[in-house]
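Visitor: For the record, the sequence lines run as chains A and B. Each residue of the first sequence is one higher than the one before, counting from 2 in the numbering used here. Each residue of the second sequence is one higher than the one before, counting from -10 in the numbering used here.
Mixed in with the good hints there might be a few duds.
Under 7 Å between C-beta atoms, here's a sample of chain A residues computed to sit facing chain B [to be verified]:
| no. | residue |
| --- | --- |
| 1 | Asn36 |
| 2 | Cys160 |
| 3 | Ser161 |
20 Å max Cα-Cα, derived EDC-like pairs, lysine to aspartate or glutamate [to be verified]:
| no. | chain 1 | residue 1 | chain 2 | residue 2 |
| --- | --- | --- | --- | --- |
| 4 | B | Lys142 | A | Glu155 |
| 5 | B | Lys142 | B | Asp117 |
| 6 | B | Lys211 | B | Glu230 |
| 7 | B | Lys91 | A | Glu167 |
| 8 | A | Lys111 | A | Glu20 |
| 9 | B | Lys62 | A | Glu168 |
Which stretches of chain A does chain B cover? Using the computed rule of at least three CB atoms under 8 Å from a CB of chain B, they are [as the list claims (entries may be wrong)]:
| no. | region |
| --- | --- |
| 10 | 149 to 158 |
| 11 | 172 to 181 |
In case anyone wonders, no lab produced these hints; they're calculated from the structure. Here the structure is a predicted model, which is why all the values come from computation and not from measurement. Built from N, CA and C at the ideal position, the CB exists for glycine as well.
As a plain string of letters, each chain reads:
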Amino acid sequence: MNRIYIAGIDEIPQHSTLEDNDELKVTIICPPGYNGVVNFGIDILRPGVSLDLAGLYICTRGERQRFNIAVRHLCPGASSRQLFKGVLDRGGNAVFDGLIHVAHGAGQTKAFQENHSLLLDETSSSETHPQLEIYADDVECSHGATIGSLSEEERFYMCSRGIPSEEARHMQILSFLSPVLSRIPEDERLSLMRRFRIL
Amino acid sequence: MDMLEIRNLHASVEGKEILRGVNLTVPAGEVHALMGPNGAGKSTLGAVLTGRPGYTVTEGSVLFKGQDLLSLKPEERSWAGLFMSFQYPVEIPGVSYSAFMKAALDARRRASGKDPLSASEFLKLLSDRMAFVQMKPEFAKREVNVGFSGGEKKRAEVFQMAMLNPDFSILDETDSGLDVDALKIVADGVNALRSPGKSALVITHYKRLLEMVRPDRVHVLKAGQVVAEGGFELVEQIENEGYDSIR
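Please work from the sequences and hints to get the whole structure.
Guide: In structure tokens:
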């Protein structure tokens, strides 16, 4: 099952459950122009299931985007993975709140969360607040966050091959977003990118 | 005509002067070697010629095909026909080799007022050049240099050189860490570009590559200056007696 939600267009489920599917893939896209909050919450209820959750956000021109993401493991032996990647530009500000909750008795849970932000200028900012609430033993959980800028070395390498600096910059941003973008089927991806002028 | 004419080039990195008056000329149609001990400034010279950020030219000039090279942006230097095989090629996740090469070729063609290659022309060129450096076709779909071994990265640099068909190629220690077979591919790459209108500067520590490409002239860089120039006998001298024998 592969669900794709676009903030501002699709209704993103604030309270959902994972029980029936063995594997659920959810991708949340927060396009430029979206100024608001994304709430996504899911309760994992059946042992053995896995959640693969990813999101990308592009926050520009003074927009403020908020992410309240909650993954609750309420049964033992399930797994979840979260990957959120954001690009911030021209005064954009994003705050990512990501909760991993592992309930009493939800042993052998595997839950991972990553949030990476790319700041394109000095007026943009990004915050990450990972929260791990773990009430069970024998679990494997982790979170990681990075905030970085475009690599000058990478850009120089591309330019040295004749790729103009601005085009190289676009390729770098796409390169950064590619782990999430690649989850969207190609035709849908291209129309999304055109529609929201994601480069 | 001279392809490259470096005159009294001084350059520094973070305020430290590395190049201290380099004079070096490479005529069109010739392959030259640049040798020198570690820290002599060989890679700095390559960096300055290609316009890498962080290097400041404090004095001197570089003419490339009669044009002031140092006033050009890195991509403009490429469009003018300059190429450097990097000592440490950069990995670009999420960008395939074919997309990377298409972007590079299209931009270069645009800069000279040509239409981009059609998809079929591009793919033909791509597969032809990959075969030339004995890269497996699946590398075209792989992300640029991601997960490549050291040898594969160097081979991919030669592939890029063959794709872009530059007038002047700088090979910055492309032979380091290569086995004999990979070394032959690098040498073949340089030799294939040999023609009256093309030149190369091969930066190396080793005789083996130079035996295969037979440079027309050898320059020795020490402490930021060219201290000796000559023929292949200089390579032999360095191999046998070391850089200390050259004053």
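Visitor: Are the hints correct? Go through all of them and say.
Guide: So, going through the hints one by one against the coordinates:
Interface restraint check: Asn36 (chain A) against chain B, minimum CB-CB distance 27 Å, threshold 7 Å, status violated. Because the closest C-beta pair between Cys160 (chain A) and chain B is about 4 Å apart, less than 7 Å, the hint holds. Restraint check, Ser161 (chain A) versus chain B: the minimum CB separation of about 5 Å is within 7 Å; hint holds. For the hint linking Lys142 (chain B) to Glu155 (chain A), the alpha-carbon distance of about 15 Å falls within 20 Å, and the restraint holds.
Restraint check for Lys142 (chain B) and Asp117 (chain B): satisfied, since their Cα atoms lie roughly 18 Å apart, inside the 20 Å limit. For the hint linking Lys211 (chain B) to Glu230 (chain B), the alpha-carbon distance of about 15 Å falls within 20 Å, and the restraint holds. Restraint check: the Cα-Cα separation between Lys91 (chain B) and Glu167 (chain A) comes to about 16 Å, which is no more than 20 Å; the hinted pair holds. Restraint check for Lys111 (chain A) and Glu20 (chain A): the C-alpha separation of about 16 Å stays at or below 20 Å, so the hint holds.
About 14 Å separates the Cα atoms of Lys62 (chain B) and Glu168 (chain A), which keeps this hinted pair within 20 Å; it holds. Chain B is given as covering the region 149 to 158 of chain A, and this holds because 6 residues of the stretch bring a CB closer than 8 Å to a CB of that chain, at least three being needed. Interface restraint, the region 172 to 181 of chain A with chain B: holds (8 residues with C-beta to C-beta distance below 8 Å; minimum three).
Checked against the numbered hints given earlier, the structure breaks only hint 1 and satisfies all the rest.
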